[in-house]
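The chain contents come next:
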Amino acid sequence: NAGVTQTPKFQVLKTGQSMTLQCAQDMNHEYMSWYRQDPGMGLRLIHYSVGAGITDQGEVPNGYNVSRSTTEDFPLRLLSAAPSQTSVYFCASSYFGSEKLFFGSGTQLSVL
Amino acid sequence: GENVEQHPSTLSVQEGDSAVIKCTYSDSASNYFPWYKQELGKRPQLIIDIRSNVGEKKDQRIAVTLNKTAKHFSLHITETQPEDSAVYFCAAVPRDSSYKLIFGSGTRLLVRP
Numbered sequence: 001n002a003g004v005t006q007t008p009k010f011q012v013l014k015t016g017q018s019m020t021l022q023c024a025q026d027m028n029h030e031y032m033s034w035y036r037q038d039p040g041m042g043l044r045l046i047h048y049s050v051g052a053g054i055t056d057q058g059e060v061p062n063g064y065n066v067s068r069s070t071t072e073d074f075p076l077r078l079l080s081a082a083p084s085q086t087s088v089y090f091c092a093s094s095y096f097g098s099e100k101l102f103f104g105s106g107t108q109l110s111v112l
Numbered sequence: 001g002e003n004v005e006q007h008p009s010t011l012s013v014q015e016g017d018s019a020v021i022k023c024t025y026s027d028s029a030s031n032y033f034p035w036y037k038q039e040l041g042k043r044p045q046l047i048i049d050i051r052s053n054v055g056e057k058k059d060q061r062i063a064v065t066l067n068k069t070a071k072h073f074s075l076h077i078t079e080t081q082p083e084d085s086a087v088y089f090c091a092a093v094p095r096d097s098s099y100k101l102i103f104g105s106g107t108r109l110l111v112r113p
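Keeping their order, the protein sequence lines are chains A and B.
Position 110 (the first sequence) corresponds to 110 in my numbering; numbering is contiguous.
Position 50 (the second sequence) corresponds to 50 in my numbering; numbering is contiguous.
Just chain A, with the same shape it has in the complex (with noise of 0.2 Å):
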């Protein structure tokens, strides 16, 4: 098992710019979602989604979007790409009935 796999690792965006930054999993776990990870404030919940067809907010859901096509991928939408999003991004899924979090090896995203 690969466990959760995100692409790209590493992304410089120019302010304005879109892109998609991706998830899968190959455990077959029902809920999946995106946290932004920043100096000094921890781990922020962007969205997540408990099956396919089905997503919601987190804590900072501007500017991001998400859908969940699938069970396996759960990709991150910056449409217009923002100094403010430059972070670290995990993707982390769990499934039906636990609360421990698999996470995903991050993506370092600069937006100039």
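By construction, these hints were calculated from the structure, which means they are not laboratory data.
Any given hint might turn out to be false.
Stated by the list, open to error - Heads up, simulated DSS-like pairs for lysine-lysine below, C-alpha to C-alpha not over 25 Å straight-line:
(1) A:100 / B:68
(2) B:42 / A:100
(3) A:100 / B:22
(4) B:42 / A:9
(5) A:100 / B:58
Could you slot chain B onto chain A? The hints should help.
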């Protein structure tokens, strides 16, 4: 919504000493409190957790205590070793949102050899 505060932000201890990290939460309905360890450049990984119906849980050199009345919980690491150096995050899960882990701001622990 839930809010989790974590202290201290940095902690430096001598190898062999104990380390204590404290967190407070705001939602009295929260019922699950995990701790994650993140080594430099790595992903966070669960190291221990506790539920609201338990006051203390131990796993070898690490333990977590929970005081529901005061709404705070703590991570205790005894006989610290250099490999314990990492960032530690506490989190709380509200009762009505089983999957929405709300994290504290993290504690950077340095164990000096």
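Now the hints, each set against the structure:
no.: 1; hint: A:100 / B:68; in the structure: holds, 21 Å
no.: 2; hint: B:42 / A:100; in the structure: holds, 17 Å
no.: 3; hint: A:100 / B:22; in the structure: holds, 20 Å
no.: 4; hint: B:42 / A:9; in the structure: holds, 12 Å
no.: 5; hint: A:100 / B:58; in the structure: holds, 17 Å
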